[in-house]
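Residue numbers (this note's numbering), protein chains in the order written: chain W, 853 to 1193; chain F, 853 to 1193.
Since the hints were derived computationally from the structure, they do not count as laboratory data. Some clues are possibly wrong.
Each pair may be met inside one copy or between any two copies, as identical chains are not told apart.
Computed list of lysine-lysine pairs in DSSO-like fashion (alpha-carbon distance at most 30 Å, straight line) [claimed, not checked]: (1) K1087 - K1163; (2) K898 - K881; (3) K1087 - K898; (4) K1141 - K881; (5) K1149 - K967; (6) K898 - K1163; (7) K1163 - K1141; (8) K880 - K1149; (9) K881 - K967.
Please read all numbers here as calculations on a predicted model, not as lab measurements.
Below are the chains, spelled out letter by letter.
Protein chains: 2
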Amino acid sequence: MTWRMMAALVLSLAIALATGPWLIRKLKKLHFGTVIYELGPAHQQKQGTPVMGGLMIALGLAVCQAVLHPWPGAGFWDLGLGLMLVSFLSMAVGFADDWIKAVKKRHEGLTPWQKIAGQVVVAVGFTLWCYFHPQIGSRILIPFIGTEWDLGIWYLPVMALLVIFYVNSTNLQDGLDGLLGTITTVSSGSWAVIVLLAVFAQGADPAHLAPAGIFAVSLMGGCVGYLRYNRYPAKVFMGDTGSMLIGGATVGLAMVLRQPLLLVLIGICPIASSVSVILQRYYFKLTRKFGKDHQGKRLFRMSPVHHHFEKIGYSETQIVSMYAGVTAVAGMIAVLSVLGG
Amino acid sequence: MTWRMMAALVLSLAIALATGPWLIRKLKKLHFGTVIYELGPAHQQKQGTPVMGGLMIALGLAVCQAVLHPWPGAGFWDLGLGLMLVSFLSMAVGFADDWIKAVKKRHEGLTPWQKIAGQVVVAVGFTLWCYFHPQIGSRILIPFIGTEWDLGIWYLPVMALLVIFYVNSTNLQDGLDGLLGTITTVSSGSWAVIVLLAVFAQGADPAHLAPAGIFAVSLMGGCVGYLRYNRYPAKVFMGDTGSMLIGGATVGLAMVLRQPLLLVLIGICPIASSVSVILQRYYFKLTRKFGKDHQGKRLFRMSPVHHHFEKIGYSETQIVSMYAGVTAVAGMIAVLSVLGG
Chain W
853 MTWRMMAALV LSLAIALATG PWLIRKLKKL HFGTVIYELG PAHQQKQGTP VMGGLMIALG
913 LAVCQAVLHP WPGAGFWDLG LGLMLVSFLS MAVGFADDWI KAVKKRHEGL TPWQKIAGQV
973 VVAVGFTLWC YFHPQIGSRI LIPFIGTEWD LGIWYLPVMA LLVIFYVNST NLQDGLDGLL
1033 GTITTVSSGS WAVIVLLAVF AQGADPAHLA PAGIFAVSLM GGCVGYLRYN RYPAKVFMGD
1093 TGSMLIGGAT VGLAMVLRQP LLLVLIGICP IASSVSVILQ RYYFKLTRKF GKDHQGKRLF
1153 RMSPVHHHFE KIGYSETQIV SMYAGVTAVA GMIAVLSVLG G
Chain F
853 MTWRMMAALV LSLAIALATG PWLIRKLKKL HFGTVIYELG PAHQQKQGTP VMGGLMIALG
913 LAVCQAVLHP WPGAGFWDLG LGLMLVSFLS MAVGFADDWI KAVKKRHEGL TPWQKIAGQV
973 VVAVGFTLWC YFHPQIGSRI LIPFIGTEWD LGIWYLPVMA LLVIFYVNST NLQDGLDGLL
1033 GTITTVSSGS WAVIVLLAVF AQGADPAHLA PAGIFAVSLM GGCVGYLRYN RYPAKVFMGD
1093 TGSMLIGGAT VGLAMVLRQP LLLVLIGICP IASSVSVILQ RYYFKLTRKF GKDHQGKRLF
1153 RMSPVHHHFE KIGYSETQIV SMYAGVTAVA GMIAVLSVLG G
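Chain W with its partners taken away, still in its complex shape:
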């Protein structure tokens, strides 16, 4: 299992590095450039940067599972299958969005309802798969105290909502050069270590968990390779294609490892992005309704909160470094928490 994981890490990195220049040329030729939202911070110079760079990460994930998965797997209940489905189907929604934006040359891609409909299908499908999976089921682990909690039938609505929430969170997080790629390098590294601890310290079945370990390190390797082309100043963006792939992949790892609660730590930055957007909206509505002069006020200069940090004077690279540090500390606490007290 460890050899397969090493090979997956190096292979996915090599795939992203090798296919990057070709993919960027291809995307430019197809005119799949970003259309920068007029209301955003001063990022006009990014107009025309090709999107869908997330495809180089996706390719690594697919090739690593195909080549390095310990065949024969567990068939329908193989974790590799479940993880590939939730991540690639999430990606498909983002891909459709990017595609329409690119073809129609307008900021809006799919309508909100189309997007959410696609996400609901993926989320419900994957949650059902986990619920009926003989080694996953409705009992989630409680980190820190090391016990289990049986959500019963509540597993289905709660986890389906979590998938939708988290995929949209990573989508919101992807707003600065190198940001989501860097965070995901750290977070997928944390998941890989959690898989290792489950197998080597807690006696989980390696045949069951190996596909998840391979998946986590391929995500990590893919992100490191992708960052070669995405770090500031970015030559390519991952697009909704990439951010939804990463969202599906990360929430998928959390669920197959029965550690969805750890997303609060490992996914702290994407979650903060979502929460800042929600807070901003409700604060505005509340102050408009109940404020002294009935003028809506803003909690952040702009949401998601990484744009707030930009507006108050931090550079893109400073914000990326800060978010990476927060994710690294939270990820290490998560790793420690699975071992209990």
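Dock chain F against chain W, hints included.
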């Protein structure tokens, strides 16, 4: 042990964040500003940035060992004691260097011979301590194949040279805003995971290894906090104080865990810095002696190699991100390698 490590991670982070502004003011008042080397790349705007910022990391390391160490420890053979000695005595050499530079306002601090003499004393002392330590000794572990190799009496010269080599490597590595701090966040995270695997997967004695685990995460937390003030554009530099502290701490962790060979992976970037300096020098000498026109040629535009990357057009933040990615991948391979095949 895991609770202590969590507390150490958060405490060292908090200490660096909290003492940073105070320390920077203090250092400025004492005129401990950098004197930029005239031959370096165009970093003149960095003139006057205070050095010795590494003290905020050192403080976290000391407080965490004092407060969170599981007392009573193993006395003279306590890993916490060994790690504190090798890192703080290495730091003392760097501190003397920084101090003299600051007071005399010239680029050269200690003379090369003074520096090397100090380092030899630290290296030999710590190597002897490891050699006679009942749980360390002269047998080092071989990663990947999971066996031991008894160096016998050769342990002493080889490891003493390793300490000197590695401390100077991190010193050379520290040349761009955020570079060594970011790399060390990743590398100390890897060491922390290796401690966890040793205890929870390989049955090592937690009473023996807990101080090393606490030490590794305090180094990580300290670096994340320090980066708050050091990331581009830097408000403070760690100085030789910080880089030699980090060098001693990292090589110390490798040796007490009996995994010095893993430095080739986890310390790949500092080692590349040293090697690039050596190659540059010998290539120049050889081409001058044996080249067609007896003019010395350069292999890199400038060494250490991170300045070469600057000269060929990469920005500081791009180089930091690249080095961090390389260290993350190498660190994950190191983590996997300790579990064998």
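Here is how each hint holds up against the structure:
no.	hint	result
1	K1087 - K1163	both (23 Å within a copy, 20 Å between copies)
2	K898 - K881	within (17 Å within a copy, 42 Å between copies)
3	K1087 - K898	both (9 Å within a copy, 29 Å between copies)
4	K1141 - K881	neither (49 Å within a copy, 51 Å between copies)
5	K1149 - K967	within (29 Å within a copy, 59 Å between copies)
6	K898 - K1163	both (17 Å within a copy, 25 Å between copies)
7	K1163 - K1141	within (26 Å within a copy, 57 Å between copies)
8	K880 - K1149	neither (40 Å within a copy, 40 Å between copies)
9	K881 - K967	within (27 Å within a copy, 57 Å between copies)
The structure does not agree with the numbered hints 4, 8 stated previously, though it agrees with the rest.
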